[in-house]
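Colleague: Put chain C on the given structure of chain R with help from the hints.
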Amino acid sequence: MVLAAVLSMALALSGAGAAAFAGSAFYYGDVNPGPMGKIAAPKVTAETTGRTSVQLRWKPVKGAKGYVVYRSQGLFGGDFKKVKTVKDGGASGCRDTKCRKNTDYRYEIFAFKYQNGKRVYSQTASVTANSGVVKPYIGVYPFSVEAMDIYVRSTGADRIDIYRSDTQDGPFSKIGEAKSEDFSWVDENVEFAGTYYYKARAYKKINGKTCSSPWSETKGNTVYDPHLDISVEDLNKADVKTKTFLYKLTSKAANAPATIYRDGESEDYGKFDYYYDGEKIIGGSCWTSWVKVDLDSYSTDGIHYEKMPESIPLAPGDSVWLRFQAEDAVTYYNSGTVSLDIEYGKYRVDAGAIRFSPDGTSYFSYDY
Amino acid sequence: MKKSKRYAAALLSVMLAVALMPQAALGASPAKTKQPAVTETLRGFSAYTATKDCICLHWNYLAEADGVLLYRADSAKGTFKRIAKVKADPDTGYEYHDTKVEPGKTYYYKARPYQIVKGKLIKGKLTKVSKKKAVYYHAATEAVDIQQIGEKEVVLCITLAGPGFDTEMFCVGGDAAQTDRYEELGLLELIQSWRSGAALEKRITQMQIIGLSLDGEEYQTQGGLKVPAGSRVYLKAAAGEVLALGSETSLDWNIPCFYHGKYEAISSLDD
Numbered sequence: 001m002v003l004a005a006v007l008s009m010a011l012a013l014s015g016a017g018a019a020a021f022a023g024s025a026f027y028y029g030d031v032n033p034g035p036m037g038k039i040a041a042p043k044v045t046a047e048t049t050g051r052t053s054v055q056l057r058w059k060p061v062k063g064a065k066g067y068v069v070y071r072s073q074g075l076f077g078g079d080f081k082k083v084k085t086v087k088d089g090g091a092s093g094c095r096d097t098k099c100r101k102n103t104d105y106r107y108e109i110f111a112f113k114y115q116n117g118k119r120v121y122s123q124t125a126s127v128t129a130n131s132g133v134v135k136p137y138i139g140v141y142p143f144s145v146e147a148m149d150i151y152v153r154s155t156g157a158d159r160i161d162i163y164r165s166d167t168q169d170g171p172f173s174k175i176g177e178a179k180s181e182d183f184s185w186v187d188e189n190v191e192f193a194g195t196y197y198y199k200a201r202a203y204k205k206i207n208g209k210t211c212s213s214p215w216s217e218t219k220g221n222t223v224y225d226p227h228l229d230i231s232v233e234d235l236n237k238a239d240v241k242t243k244t245f246l247y248k249l250t251s252k253a254a255n256a257p258a259t260i261y262r263d264g265e266s267e268d269y270g271k272f273d274y275y276y277d278g279e280k281i282i283g284g285s286c287w288t289s290w291v292k293v294d295l296d297s298y299s300t301d302g303i304h305y306e307k308m309p310e311s312i313p314l315a316p317g318d319s320v321w322l323r324f325q326a327e328d329a330v331t332y333y334n335s336g337t338v339s340l341d342i343e344y345g346k347y348r349v350d351a352g353a354i355r356f357s358p359d360g361t362s363y364f365s366y367d368y
Numbered sequence: 001m002k003k004s005k006r007y008a009a010a011l012l013s014v015m016l017a018v019a020l021m022p023q024a025a026l027g028a029s030p031a032k033t034k035q036p037a038v039t040e041t042l043r044g045f046s047a048y049t050a051t052k053d054c055i056c057l058h059w060n061y062l063a064e065a066d067g068v069l070l071y072r073a074d075s076a077k078g079t080f081k082r083i084a085k086v087k088a089d090p091d092t093g094y095e096y097h098d099t100k101v102e103p104g105k106t107y108y109y110k111a112r113p114y115q116i117v118k119g120k121l122i123k124g125k126l127t128k129v130s131k132k133k134a135v136y137y138h139a140a141t142e143a144v145d146i147q148q149i150g151e152k153e154v155v156l157c158i159t160l161a162g163p164g165f166d167t168e169m170f171c172v173g174g175d176a177a178q179t180d181r182y183e184e185l186g187l188l189e190l191i192q193s194w195r196s197g198a199a200l201e202k203r204i205t206q207m208q209i210i211g212l213s214l215d216g217e218e219y220q221t222q223g224g225l226k227v228p229a230g231s232r233v234y235l236k237a238a239a240g241e242v243l244a245l246g247s248e249t250s251l252d253w254n255i256p257c258f259y260h261g262k263y264e265a266i267s268s269l270d271d
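Quick mapping for you: the protein sequence lines, in order, are chains R and C.
Residue numbers for the first sequence follow the numbering used here, beginning at 1 and rising by one.
Residue numbers for the second sequence follow the numbering used here, beginning at 1 and rising by one.
Think of the hints as simulated: they come from the structure by calculation, not from any bench.
Please note that the accuracy of each hint is not assured.
Said to hold, decoys possible - Partial selection, computed: residues in chain R whose CB lies under 10 Å from chain C: (1) M36; (2) V240; (3) K243; (4) G283; (5) C286; (6) S289; (7) D328; (8) T331; (9) N334.
Claimed, not checked - FRET-style restraints, in silico, Cβ to Cβ: (10) S357/R / Q147/C: 33 to 43 Å; (11) I116/C / T259/R: 54 to 64 Å; (12) K118/C / Q55/R: 40 to 50 Å; (13) E241/C / E327/R: 54 to 64 Å; (14) E102/C / E327/R: 45 to 55 Å; (15) G74/R / E102/C: 54 to 64 Å; (16) L121/C / Y114/R: 18 to 28 Å; (17) I116/C / G78/R: 27 to 37 Å; (18) K120/C / K205/R: 39 to 49 Å; (19) I116/C / K98/R: 37 to 47 Å.
Just so you know, these numbers come straight off a predicted model, no measurement behind them.
The C-beta atom is built at its ideal place from N, Cα and C for all residues, glycine as well.
So that you can see chain R by itself, here it is in the shape it has in the complex (with noise of 0.2 Å):
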């Protein structure tokens, strides 16, 4: 045993065995234990066994010496810490019991061997749980004129039970309850351009006992049509040289309240500039201009313009006058677009514009 023990020590300090897999080796996921070997990774399910505890199981692998684990917050994986090490190949699973409350978790699990005295790892088992019961995420959406659309996921949740309130404090009465982790609800029980709140609450069994989560965050929104309908009037000569663009914005009745931003900004993107791009094809020739636009000024009247600020409102029904300005003059093609960011209802669309042809179906669009 002794002799055992020093000759392994040995062999490590050597570095035996550690040169037939000093190469670069590539893993799954974000963890890297260690040299990669010839050896299974791990089949493993998880199971919540209590509010900060979680019971992973595997089928133990041949020739495997041990297994590690690794856990990260959060169901994407990101930063992962080594959580538990398995010395035993023949273990079928190990308890997670330093849990934080009601969270979700991906963990990782490795099955080690030895190979001339190194530690050697399979590819990645990847499984994701959760402690207890997790608080729900909600989010509250439009969902016709006369319905309101509410998202509810609480992971390995058995049941997401809904609530509503016509004020954010309450009271919250029950409305629904939904029979998976992952639901979206259509309240019809709304009125057009009335404000709601909602708040949901998860339930799940654990060994045995029915056990539910903290409450959802409350959030709430008016009822309007989701899909934002803006008719544009093209104001410019087409044909010209020009480095003025202007279009007059009319918001449907049924929309929600709009801003138009004067700098663009989205989710995917980030920060973009407003760009002019027309075209026109005569037989077979395409001609085409493009130049970089500021926001330059608004009116609400088609007579009065003002500097434009940040951002303006654009309230169902009305209509707003915008003025577009480049520095270096293009010939204007009435078929094309302008980049235009707007933010409707509690949401900033991604990259917009406003699509005009010479039609006269002229409007504005979230795809740039």
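Modeller: Chain C in isolation, oriented as in the chain R frame:
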């Protein structure tokens, strides 16, 4: 008691001596079971494309290797000399451009992965030979001159790059089967651009190729014309609308064609 302590001390010193001995001296399993540093060969190794002064080599990335050694010879059975050592990199470590080539000459390549083990370079298995000629494998041009010869007509004088393969161009009245399959054959795209500060205007004109000539005098108005690499071709094209060349800040063109049996395009935009 004293005897047994002495015995234990002797046993421990033997154990330590054995433990600290080099692996080879042990004569035991580690030396015999030692695995090669790089267990896999390179897959997908080939000299896949070339120009007159560059041959591009490519292989599939091999995670277990620290890099790749490349060898070249003038014949398949010639002496392969090492020309490069390319470090492994998931982004760039699977391609090499051999620029020390003579136009028109054929080269033979082999490759092997390597790994650095305790500061020593351990070589993996050699690949099979891949050969390539230093000629253009894609249609390319040396020089182009564009003249407007009428309100709606232009002539392009194109000197094709070489050495390489024939470039086949087509007139609009060309081979019906081929023009059906490749609708753009027989057409020339002329791109005039006007840039002024931050503003950019363009006119893209589709023109029909109405004549092809090798000498600029006698034009064929039907079918295809095979033009050898390195030679000159004159191409007459007509637009549907009036052209006004000369005021633009840049003039580009694009001509679909066949090169080395493949549908391609020669274009100023590739430069």
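Colleague: Holds or violated: the hint that G283/R contacts chain C, with Cβ atoms closer than 10 Å.
Modeller: holds (4 Å)
Colleague: Is the gap between the beta carbons of K120/C and K205/R within 39 to 49 Å?
Modeller: violated (60 Å)
Colleague: Okay, K118/C versus Q55/R on CB: inside 40 to 50 Å?
Modeller: holds (43 Å)
Colleague: So does E241/C sit 54 to 64 Å from E327/R, Cβ to Cβ?
Modeller: violated (30 Å)
Colleague: Against chain C, with CB atoms and a cut of 10 Å, does the hint on C286/R hold up?
Modeller: holds (5 Å)
Colleague: Between the beta carbons of S357/R and Q147/C, is the distance compatible with 33 to 43 Å?
Modeller: holds (37 Å)
Colleague: Any CB of chain C closer than 10 Å to the CB of N334/R?
Modeller: violated (15 Å)
Colleague: Just to be careful: measuring from the Cβ of S289/R to every Cβ in chain C, is the smallest value less than 10 Å?
Modeller: holds (4 Å)
Colleague: That 18 to 28 Å hint for L121/C and Y114/R (C-beta), does it hold up?
Modeller: holds (27 Å)
Colleague: Let me know if the C-beta of T331/R comes in closer than 10 Å to any C-beta of chain C, holds or violated.
Modeller: holds (6 Å)
Colleague: Could you check the hint for me, namely that I116/C and K98/R are 37 to 47 Å apart, CB to CB?
Modeller: holds (40 Å)
Colleague: Does the Cβ distance between I116/C and G78/R fall inside 27 to 37 Å?
Modeller: holds (32 Å)
Against the hints set out earlier in the document, violations occur for numbers 2, 9, 13, 18.
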